[in-house]
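Engineer: Each chain, letter by letter, is given below.
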Amino acid sequence: MNTPPSQHAVGASASPAITGALLALANGSTDARARLAALIYDPLRAIAHRQLESERAGHTLQTTGLVHEAYLRLVDQQRVDWGDRAQFFSIAARVMRRVLVDYARKHRALRRGGAYRFVSLDNPDAGTIAAAERAEELIALDEALDRLAQLDERLSQVVECRFFAGLTEAETAAALGVTPRTVARDWVKARGWLYQELEPNGA
Amino acid sequence: MAPDDFRPPMLRELHAMSPGRWTAVNDIVDTVLDLPPADRAGYVARACANDEALRRDVERLLDACARSAGFLNESVGAFAAPLIEGHARRAAHDEAAVLRRIAEELRDRYTVQRELGRGGMAVVYLARDVRHRRDVALKLLRPELAAALGAERFLREIETVARLAHPHIVPLLDSGEVHGQPYYVMPYVAGESLRERLTREGPLSIDEACRIAQEVANALDYAHRENVLHRDLKPENILLAEGLAVVTDFGIARAISRAAERDDGGSTTLTATGISLGTPAYMSPEQAAGSRELDARSDVYALGCIVYEMLAGQPPYSGPTAESIVRQHMLAPVPTLLIASGQPSSGIEQAVRRALIKDRAKRFASMRQFIDALSEAGPARAQPPPNLAQSRLVVTFRRAVARMRGRAEPDGG
Numbered sequence: 000m001n002t003p004p005s006q007h008a009v010g011a012s013a014s015p016a017i018t019g020a021l022l023a024l025a026n027g028s029t030d031a032r033a034r035l036a037a038l039i040y041d042p043l044r045a046i047a048h049r050q051l052e053s054e055r056a057g058h059t060l061q062t063t064g065l066v067h068e069a070y071l072r073l074v075d076q077q078r079v080d081w082g083d084r085a086q087f088f089s090i091a092a093r094v095m096r097r098v099l100v101d102y103a104r105k106h107r108a109l110r111r112g113g114a115y116r117f118v119s120l121d122n123p124d125a126g127t128i129a130a131a132e133r134a135e136e137l138i139a140l141d142e143a144l145d146r147l148a149q150l151d152e153r154l155s156q157v158v159e160c161r162f163f164a165g166l167t168e169a170e171t172a173a174a175l176g177v178t179p180r181t182v183a184r185d186w187v188k189a190r191g192w193l194y195q196e197l198e199p200n201g202a
Numbered sequence: 000m001a002p003d004d005f006r007p008p009m010l011r012e013l014h015a016m017s018p019g020r021w022t023a024v025n026d027i028v029d030t031v032l033d034l035p036p037a038d039r040a041g042y043v044a045r046a047c048a049n050d051e052a053l054r055r056d057v058e059r060l061l062d063a064c065a066r067s068a069g070f071l072n073e074s075v076g077a078f079a080a081p082l083i084e085g086h087a088r089r090a091a092h093d094e095a096a097v098l099r100r101i102a103e104e105l106r107d108r109y110t111v112q113r114e115l116g117r118g119g120m121a122v123v124y125l126a127r128d129v130r131h132r133r134d135v136a137l138k139l140l141r142p143e144l145a146a147a148l149g150a151e152r153f154l155r156e157i158e159t160v161a162r163l164a165h166p167h168i169v170p171l172l173d174s175g176e177v178h179g180q181p182y183y184v185m186p187y188v189a190g191e192s193l194r195e196r197l198t199r200e201g202p203l204s205i206d207e208a209c210r211i212a213q214e215v216a217n218a219l220d221y222a223h224r225e226n227v228l229h230r231d232l233k234p235e236n237i238l239l240a241e242g243l244a245v246v247t248d249f250g251i252a253r254a255i256s257r258a259a260e261r262d263d264g265g266s267t268t269l270t271a272t273g274i275s276l277g278t279p280a281y282m283s284p285e286q287a288a289g290s291r292e293l294d295a296r297s298d299v300y301a302l303g304c305i306v307y308e309m310l311a312g313q314p315p316y317s318g319p320t321a322e323s324i325v326r327q328h329m330l331a332p333v334p335t336l337l338i339a340s341g342q343p344s345s346g347i348e349q350a351v352r353r354a355l356i357k358d359r360a361k362r363f364a365s366m367r368q369f370i371d372a373l374s375e376a377g378p379a380r381a382q383p384p385p386n387l388a389q390s391r392l393v394v395t396f397r398r399a400v401a402r403m404r405g406r407a408e409p410d411g412g
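Chains A and B supply the protein sequences, listed in that same order. At position 92 of the first sequence (counting the first as 1) the number is 91 in numbering that gives the first Met the number 0, and the numbers step up by one without a gap. At position 246 of the second sequence (counting the first as 1) the number is 245 in numbering that gives the first Met the number 0, and the numbers step up by one without a gap.
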């Protein structure tokens with residue numbers, strides 16, 4: 000039925016800049032990480048946005064699929080190897096965190112600015128309250144992760160990979176260059192630390 | 000958590016730890032996590048023998064670890080669902096506002112009726128062509144795409160498509176721009192897409208698959224002679240109207256990619272939108288590799304995948320992620336075509352196999368060769384291309400189109 004081109008369209012527009020930054024990172028360039036994160040922010044957000052739009056019913060973001068899709072679309076597969084791919088995932092995980100936290104901040108700003116009122120008038124449902132709660136929780140988690148990173152950078156990266164990007168233990172291990180067993184331990188410690196950090200009144 | 004007065008928790012001891020203390024705590028906890036539960040308390044006691052404060056910190060973290068087993072265990076997508084839903088609702092609200100503005104602007108020519116579908120590049124609406132009193136498909140290029148490409152540039156590229164006139168190609172009727180938002184208009188084809196047919200019926204008979212393949216191949220062959228590639232051929236873009244196959248969205252992928260090509264030859268403008276062209280299941284290896292030099296053989300490959308799917312009930316390569324599918328197009332051996340309807344046909348198997356060869360130099364060099372191979376193998380007769388105007392098929396098609404358009408025009412032609 001006059002269906003438009005599928006949202007799954009991929010390939011053929013790999014970004015030379017992104018591929019180049021990934022290769023520079025592999026060659027030890029120190030600023031390549033930040034450059035790469037800046038380059039993939041917009042595309043990743045756009046892909047997330049379209050995924051949400053095309054699944055009008057569920058509105059569940061499949062971040063695992065998103066970072067894989069971003070890799071496929073943005074990186075010239077011919078020029079990078081498996082190790083570069085892992086690096087890309089660790090950075091995409093951080094970007095995914097930023098995309099989601101930005102949703103939360105935007106939500107908070109809109110709500111405080113009163114721009115959200117029309118939603119609650121149109122749809123006076125519990126959804127908006129839950130949304131506000133999740134926004135605050137995400138922002139709190141984000142801030143706690145920053146504090147955790149000061150203590151132990153890798154623990155925060157494990158949370159980005161496992162929680163924000165939905166990577167498996169094995170994928171996270173490859174992305175961070177450690178063993179799966181280390182990821183498993185880090186994941187337990189990071190959750191424990193964050194849990195305590197975010198617990199109301201220290202329980 | 001109370002949203003408004005939420006503050007980061009008071010400084011707690013764990014967080015206030017010095018780096019040296021953290022390293023010590025971390026090492027002990029790492030060891031403990033690898034021990035069986037029964038041995039843990041003993042180890043902590045030994046490791047912190049003379050340091051009560053260290054022991055407190057270790058136990059506090061271990062205790063938090065034990066209590067946080069369910070914490071962050073759902074996917075972030077599920078966790079953030081209510082938030083994201085609000086966001087999507089707002090976006091839909093914004094989109095509806097944009098559509099209202101466009102509809103208002105176009106109302107002398109088209110009245111927008113309802114959404115027919117949405118994809119990566121465009122949202123499609125059913126609209127009424129006011130002047131000609133017919134239904135049309137009004138397609139709005141996605142706003143972020145329009146912004147990245149520039150409406151003017153896209154519309155200039157799409158002109159190439161306008162000159163295609165073939166009974167098996169859905170023509171471009173109109174195109175334009177409202178508030179920087181490009182749109183293009185095609186006839187509304189009542190019927191179903193090949194995708195819908197395959198979903199409904201499963202694999203087709205050899206007869207039927209060959210007939211559809213040949214109609215599509217004839218359309219492609221004609222377009223190739225006019226120097227237009229489809230570049231995004233897939234069952235969603237093949238419409239079955241009154242039983243005949245018509246190919247839609249011809250050259251749109253090309254128009255987008257050409258519009259995106261800036262002076263440096265790169266397509267960085269597309270990158271920022273996260274949109275790229277082609278569809279994994281039907282993407283030729285050279286397209287997957289990002290080659291800019293595509294030719295008729297990429298469309299041959301895509302059609303090969305579609306014929307495979309019509310007969311086998313599934314495309315040659317599938318997988319959980321787009322990435323895995325693309326890798327298979329590039330690297331995996333071509334799977335053997337198992338014709339689901341049961342009648343084996345070595346001729347068709349060979350033709351499909353040849354269309355799917357990874358090295359395009361060894362594929363059919365043109366769509367015409369693929370058509371010839373299919374018609375030699377298949378029970379369906381290829382329609383003779385030179386005399387299309389007289390063919391029974393075309394007369395039937397013209398009647399169908401006449402019915403679709405005015406419903407007032409007399410039958411026959």
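Rather than coming from a laboratory, the hints here were simulated on the basis of the structure. All of these numbers come straight from a predicted model, not from anything done at the bench. The beta carbon of each residue, even a glycine, is placed where N, CA and C say it ideally should be. One thing to keep in mind: the hints can contain errors.
What the hints assert, rightly or not - Incomplete in silico selection of chain A near chain B, CB under 8 Å: (1) N26; (2) L71; (3) V177; (4) R190.
Engineer: It remains to establish, for every hint, whether it holds in the given structure.
Structural biologist: Quick rundown of the hints versus the structure:
1. Because the smallest distance between the Cβ of N26 of chain A and any Cβ of chain B comes to about 21 Å, over 8 Å, the interface hint for this residue is violated.
2. Because the smallest distance between the Cβ of L71 of chain A and any Cβ of chain B comes to about 4 Å, under 8 Å, the interface hint for this residue holds.
3. Checking V177 of chain A against chain B by beta carbon gives a least distance of about 12 Å; that is not within 8 Å, so the hint is violated.
4. Annotation: R190 of chain A was flagged as interfacial toward chain B, and the flag holds, the nearest CB pair being 4 Å apart, inside 8 Å.
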